[in-house]
Every structure is written in structure tokens, then in C-alpha cells.
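Number of protein chains: 2
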Amino acid sequence: MRYVVGIDLGGTNIVAGTVAEDGSEVVGLVSEPTIPELGADAVLSRIVKLARASMAQAKDKEIAGVGIGSPGPLNTKTGVVLLTPNLGWTNFPLRDRLVDALGLPATLDNDANCAIFGEWWRGAAQGATHVVGLTIGTGVGGGIVLGGEIYGGVSDIAGEIGHMSIDSTGRRCKCGNYGCLEAYASGPAIAARAVEGIEAGADTALPGYVNGDLSKITAQIVYEAAHDGDPYALDVVHDTAKFLGTGVANIVNIFNPEVVVICGGVTLAGEKLFAPLRSEVKRRAFKPAVEVCRIVPGNLTGTAGVYGAAAVFIKRTWGRL
Amino acid sequence: MRYVVGIDLGGTNIVAGTVAEDGSEVVGLVSEPTIPELGADAVLSRIVKLARASMAQAKDKEIAGVGIGSPGPLNTKTGVVLLTPNLGWTNFPLRDRLVDALGLPATLDNDANCAIFGEWWRGAAQGATHVVGLTIGTGVGGGIVLGGEIYGGVSDIAGEIGHMSIDSTGRRCKCGNYGCLEAYASGPAIAARAVEGIEAGADTALPGYVNGDLSKITAQIVYEAAHDGDPYALDVVHDTAKFLGTGVANIVNIFNPEVVVICGGVTLAGEKLFAPLRSEVKRRAFKPAVEVCRIVPGNLTGTAGVYGAAAVFIKRTWGRL
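Protein sequences appear in the order of chains A and B. For the first sequence, position 268 (counting from the first letter as 1) is numbered 268 according to my numbering, and the numbering increases by one without interruption. For the second sequence, position 43 (counting from the first letter as 1) is numbered 43 according to my numbering, and the numbering increases by one without interruption.
Excised from the complex, chain A in its bound form (with noise of 0.2 Å):
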């Protein structure tokens, strides 16, 4: 059995860990904050100490090589991030980088292709044939899995889901276009929503929460308060799932899947969120395409970037996973 590094680089954390080839375990699962501020070397240099940490409590396994996943735009094939504004790096050749570092090969793909791509593998989608996902954090990512081979589009850039405008003249995303699923779905744009609300003089007790202070609620908080039952809280998460819905039902009858995953946060809202978001699929979209298709939280949390990426390096290495 031989084992792959995968590691998960976010705009937030680095999450590293040691994968068998077959994808039976995961060992030495080691996190840092990346810390973008410091540069792309201070950055780089964190990821080849994690990826040797992981190693070094992989310790007796053969390790074959390293897949990264990455904010993109980015080029898998040349192995250079073309752009990431949450890094802020421009054309940093991030794979041969962790070559020359590591004495590994390595592959890279987009971070929320590497998401779903590894809950196909390993998670909630493990198997189905067409899978489309959604990571919701900071942004809205997306990944689409055909057939088992992620699908990247004709220049890597395929699977932006967040940034399907699902209100033409709606909602300005940081994207430049309206009405994105990501200016209404994300974490900020979900606590956005709910400060606005209370702006306007809902009534919640969301304030208690945080002191008083709005700028502090997160969308965390946001089901927090829902979980405890505030009526206002539950309307916010709500909207989102309405959000998600019509965002979900686009999905289900442009690629008629299998399973559509969500992963992120925004799993943390349970029942509360999927219950309504699959009532809105099956009120917008196709029956026939509602029918077959699965809607389904992420089940490897904070995991499945790290399964992902090392499936792409087996995939593109050895050929099968």
C-alpha cells in the first residue's frame, strides 16, 4: 500500500494529511493557519513543514507523492496558480515549488474540485456516477465530477457554481456580476443578510449573542440562534435554503446528477437548512431530474480537500483510483 500527501490550502488554514492509495485511511492530519499577510514564500514554506509533519507521523508508509488542492484560477497542467485575490499571489508555480521542497512529484487542482472530487471518493457521494458540489465557506466553490474524472473545463476554470447569478439584478458579488448564489449562501453574505434584518429592526435576539456588537455576527452565530429557536435566526437560514434551492435546482436540471454534496459550514444549520433547500429543488426543478437525485451534506468535514487532492495525484499518476 502506498500513500499520497493531500493538503488542503484555504485562505484561512492549511489542513495536511496522509493518505492510503485506496483511500482506507487517513493518517498524520495536521493543521496551521496560512497566514497569508507573510508572502507566498512564508505561505509555501508552512505547507512543505506540514506536508514533512504529516510525513513524519506517517512514518513506515511509502509515501508516492503530493496532490494539493489550491485557490484558483490556476493551471493543472503547468502546476502555476494564475491568481488567487484571498492569497494574493500571481503566477506562483505552487507544484513544481513543493517538487523541488518536498523531492516528491506532485499535482494540483482547484481546492473545491479537490472538496468533491474526495466526497465522491471517500464521502457523501462516494460512487455515484454524476456528482455536483458546493462549498460554502468564505466564498461559494463549486466542483463537478462526471463519470469519476473531475471536469475542469477547456482552461481549468469550470465548476464556479457560486457565481451562477441566480437574480439577474440582484445582490452585487465581489465577483463583479449580480445576484450570485455566493453574494446570498456564503458565511458573510448569510450574516450580512441577518445584520441588514436587524438594521431594519427585526425582531431576534441575534444581538445578545455578540454583545450587541453586529459586526461580530457570523453566520456561525446566525445557527446558533437558530438552533435555539429564535424565530428571526430560523428565517435567515430559511432564505438561504431558498437561495440554495433555486442555485440547486439550476444544477439538477443542467447536469441531471446523481448526487449535488454541500460542504462547509453551512452544514452545521442540518435539517433546519436541508429540509427546506430539497423543498425548493423539488418546487423549481424537473421531476423526473428531483427523482434521481441525492442532496446531501458533505460527510468528510474538514477532511475532504485532503482526500481530494491526493485522489487527483493517484488519478492523474496511476491512472485509476
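Simulated from the structure, these hints should not be mistaken for lab results. Everything numeric in this text was worked out from a predicted model, so none of it was measured. Just so it is clear, CB atoms sit at the ideal spot from N, CA and C, and this is done for glycine as well. Since no wrong hints were added, every one of them can be taken at face value.
Which bits of chain B does chain A cover? Going by a derived footprint, with three or more residues having C-beta under 8 Å, they are: (1) 153–160; (2) 254–260.
Computed from the model, here is a short list of chain B residues facing chain A with C-beta under 7 Å: (3) 73; (4) 163; (5) 166; (6) 250; (7) 288; (8) 292.
The hints should help you fit chain B onto chain A, whose structure is shown.
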């Protein structure tokens, strides 16, 4: 050189032609109205008659089989049309009935898939790696061709791009959803939007094109008035371009395709439509995805579905095109 009869079954017309296996020519192109109200058996007889008429014109050619494109949803494996509101059919075994009547092997696929596959094989998207297309007529159909294969999803329903909501609280669509692209950009939707504006007092010469009978306004008449320089008709075309541009921007962000091909009557509006459509996509979609994508009108006017239906037969039967 073998030949294959391609049949494009629409709600209004049936078109058949006999296509060379290398796509170099179509001979014996024939067409008749569908007249769906006469029932499935009558439509089938008409299809068979047209196929025979096409083959008769293609005498001396070796005919290897028949490919047919039909409105769906349908099952490409069993050859059964499950449900077509436009034709009024339920579970009609179209493929096998054709095989029995013509004594030739046959294949069945969705009409919009066939049209876009035809444009990929021999039309405006020829040879492109990944193509997504729209067919705009009574409805807005969609077809997805990835790596030279029609992408059908897990149950042949994929590609319903016309039923992507671009405005979650927008116009009600016949499918039950709200804000579908079809509810803005189909032929009847374009006409309906034009009439609504006239009824609300728009200053336009359009009523003069229909002797004051607004129920006679069609999308074609709107394009005609736009070509004649009527500012309101130009507005309606421009709005259509903005709606389509929102939808195409979503496609560009999701699929990162090499070509988006737009087929059907709407292409009659020419650059008056395509120039603002491309601007809207550029304004909304990710720049690196826009830069690698051509947005073009289909160029197999009236025959894309015939070419594509034949291409489906060729690909499925002989494994190549």
C-alpha cells in the same frame, strides 16, 4: 461511404435528411408539418413517409440506419419517449416503432442535444472540446457536448439550460419554476414582453406590422421592426440579449466551454442581438473563462438536428465520428 437518415422531430415540423457518415453532405432533405393533434400513430406514419422520401432521393447510397431527435424527456437506452407536452405522448417506443417500420437500426436522443451535437460535428462549434448550446424557438432547449460526447446526465435529462432560473422571483415559467431563461427568451416570451410594453404605452410602430392585432406579434416581427430601426423593438431585442447574456454568463462560469452556440429563430436578430449579448457575458462572467469562449450563432440553419441525429447513430453504432 455509408449514409444515415437523420430525423428532427419538432412540435411544428419534421425534417429528415440522408447524411454521409463523414458529415460531408446531406441529401434528400425533406420536411412536413408534424400535426401532433392527429396522434402518435399519425405522426409516426408521417416520420416513416419522410424517411422513405429522403432515402428515395438518396438512391444509390448505402443506408446503414436512422437517428432521430425528439422532444423529451426520453430514454436513450430503451428508445422510449417518456413524456412530451408538445406532442402529447406518454411512453411512446419511438425508436423500436421506427425500426419495425423501416427495417433499419435506429437511435433516439433529445432534439436539443442533437442540434448542438450537429453544430459541434459540422457547424459553428466544429471540433471544439467542450460546447454548450441553446436552441431557441417555442421553448429554450439546451445541449451539452463535452469531449465530443453528448452529456446526458444520469437519466438523459441533463441540458435543460432553458430552465435555469436567472431571477428566482421572476416570470412564471410553464415548467412551474420562476425566472427561467425560457420565460424571457423563447420566441413566445419575446413576443409577450413586446406586447406587455405596447399595452403599457410604449411608443412603437410594431402594431402597424400586425394591423393592430397585438396577438399576431411574434418574435420574428419584433426582429423585423428592430431591423427597420424601431427603437422600442430594438429595446426588446436588447433586453433579450441581457437575459440571454445572464444565462450564458452562468454557462461560461459553470462549464468554461470553448464555444457557446445559440441556434434557432433568435439568430435572425443577428448582431443586434449578439453584440449586446457578448457585452453582457463579458460584464458578468469570469474574465479568463470569457477570454477562451466564442459565443456564436449556429450555422446549420434548419439542418442542425438532422446532422446531429445522424451523428448520434454513427457515434453509438460505430463508436466514432
